[in-house]
Amino acid sequence: MVSLVQTRLMPAIVIAALIVVLPAFFPSAYYYRIGVLVFIFALAVVGLNLLMGFAGQVSLGHAGFLGIGAYSVAIGPVHFGVPSWLCLFGGAALSGVVAFIVGRPILKLKGHYLAVATLGLGLLLAIVLTNEARWTGGPDGMSVPRLVLFGWSARGATTWYWIAGATFIVAFVLALNLMDSPTGRALRAIHDSEIAARVLGIDVARKKVAIFVISAMYASVAGSFLALFNGYVTPDAAGFLRSIELVAMVVLGGMGSIVGSLVGAVVLVVLPQALTVFHDYEQVLLGLIVMVFMIFLRRGIVPSLAAAFAGRRK
Amino acid sequence: MMILEVERLSVSFGGVRAVDDVNISVEAGQVFSIIGPNGSGKTTLFNLLSGVYTPDHGVIRFAGETVTDLEPDRLARRGLSRTFQNLQIFSRMSVLENVMVGHHRHEDTGILADLVHWPSVRRQNAATRELALAALARVGLADEARLASTSLSYGALKRLEIARALASDPKLLLLDEPAAGCNPIETQEIDRVIRSLIKDGITVMLVEHDMRLVMNISDRVHVLARGRTLAEGTPEEVRSNAAVVEAYLGDHGSKEATRAFG
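Line by line, the protein sequences are chains W and P. The first sequence runs contiguously to residue 314 in my numbering. The second sequence runs contiguously to residue 262 in my numbering.
The hints are simulated quantities; they were obtained by calculation from the structure and are not laboratory data. These numbers were taken from a predicted model, which means no experiment stands behind them. Misleading hints may appear alongside valid ones.
What the hints assert, rightly or not - Listed next, the stretches of chain W that the computed footprint assigns to chain P, with coverage defined by at least 3 CB atoms under 8 Å from CB atoms of chain P:
hint: 1; region: 165-178
hint: 2; region: 187-199
hint: 3; region: 202-216
As the list claims (entries may be wrong) - Only part of the chain W face toward chain P is listed, based on derived beta-carbon distances under 7 Å:
hint: 4; residue: 181
hint: 5; residue: 182
hint: 6; residue: 183
Ideal Cβ positions, reconstructed from N, Cα and C, are used throughout, including at glycine.
Extracted from the complex, chain W is given alone in its bound form (with noise of 0.2 Å):
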C-alpha cells in the first residue's frame, strides 16, 4: 500500500478520479462550466509553473501564448477554412516558434529583469492581435466556430468537462514525468544555482529555452480551449491581467507543485464564484482571501500544507 501511495503517478491517478467522480455531485449545468474553466486555467498553470516553480524563471507574459491559442482556432477555420482540431496545434506549434526565437535572448536576463521582459512580450503579442483588426477583429474580438472531430461537433458545458479533463489529466501527468527525468533534474537545479548546474554540464540557456517552449504550448491549448469553449475571443485573453492572474494562480497554489498548479486555479476560479453573493464586495473578499492564504501559507497553499502534515507526523 505504500508503495502505491508513493507512486510517482499517484496525485494524477486520485485527481483523475475526482474528475470521473464529482459531476454525480453537480446541481446543475453551471458546476459543469466552472469545471471546464477550472481545467482548462489549471492547464496552463501547470506549464507555467514548469517554468517558474521549476525551472524558477518568471514569466509575465503568458497570457501572450494563451492569446495565440486561443485566435489560432479563430482566425485559422474563419479565415482559411482550416479545421479547428489543426489549428489547435498549429497555434501550439507558433507559440512553441515564438517563445524559441524570443527565448534565447530573454532568458539570459534574471529577475526583475526578465519579469519586465516577458510583460513586454506579453504585451506585444496582445497589441498585434488587438490592431490586426482585419484578421482578429480587433478590440471586439471574433466568434470562433465549434470543435468539430470526424463530423462531431463538440458543443456544452457537459461535453467539454471531459474534454478538458481529459486533457488537463494528460498535461498534468507530462508535467509529473518531466520532473522525474533528467531534464526536470537539471531544471530545478538550474533554480538553484545556475553556476553548479553549468560545472556539472548542464547546457543552462538550452533547458531554459526548452522550458520556456513546453511552457508556452501548454498555454497556447488552453488559450484554444477557452475561445472554442467560449465560442469567441477577445483580446483580454491575452491581457497583462490574464498573465497576472496565471502567475497568481502558479503562486497561491504553490511554486514547484504540480498538484499546487489544479488548487490555485480550483480557488481562483471558484471563490470569484462562490463571492458573488456578496454583491458588491465581491472583489474585496476575493483580494482578502488570496491575502490572507499568502499570509499564513506563504510556500503556497500545496507545499505549506504538505509540510505541516508531514511536521506533524513527526
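Assemble chain P onto chain W, guided by the hints.
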C-alpha cells in the same frame, strides 16, 4: 602525462590583475595544490580553469586539447568538475537528487522521451540513482541520501558537493577549500576521500588553507601571491622556500603560516 597545462594565464578585473602570467602543469593522477594568502587569486584561477571566467591572455590545455574559451558545461562534458568555496547546493532538492544532477552529462534522453517517461528514462533514472548512492557512500553520506539537502551540517555539505562532482565521473576534479569550516574529524574524512579519488585515477587540484592537509596529501604545491606565481615544488621544497615564508608572514596569511611552518 600532463592532464592540465596552463600557459601565461592572466585576467584583470577593473585594473586589478587577479591572475597574472601564471604557468601550471598538472600531472595526471596527482594531487596538485594551490596555496597563497587571501586574495592571491586562487579561486579566480579555479574560475578560469573551470570556464566560469574567460582569461584575457594565455592558453589552457585539458587532456591535450586547447579549451581556453570553452563554457563550463562544455568543460564538464570533457571531464572537468569542481566544487565551490561558498557552497552551491541545490537547496530545494534532496541529498540524493543533488548527486543525481551530477551524473547529468552521462544521461542521454531527449525532452520528448522525458515527457512521456519512456522506458529508457526509467532505466536511466534507476541507474543514476544507484550511481549517486555509490558516490554518496564514498564520501560517507549514504545514510543521509533521503534527507533534504538543507538539513545537512556544513561539513557534510562540503562532502555532498564532492559526491555531486564525483557523480559526473571527472578526469580532473577542482576542490575549492573542501576543508574550510570543517572540524578536524571532518578534515580527516576529506583527506581520506581525496586519497581514494587518486586511487581511482582521478587527478585532484586543491585550493586549501588547511596547511596540514595540503602538506600531507599534495604531490606538488603551487604558491600564488597577488595573482603571481611565487613558488612551486614538492611540499618540502615549498615549506623551506624563503619567499613563501615571507609572503605568508608579511601578508594576511600569518595565521596559516604558523600552522604550516610552526
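Output the indices of the hints that this structure fails to meet, ascending.
The structure conflicts with no hint, since it agrees with every one listed earlier.
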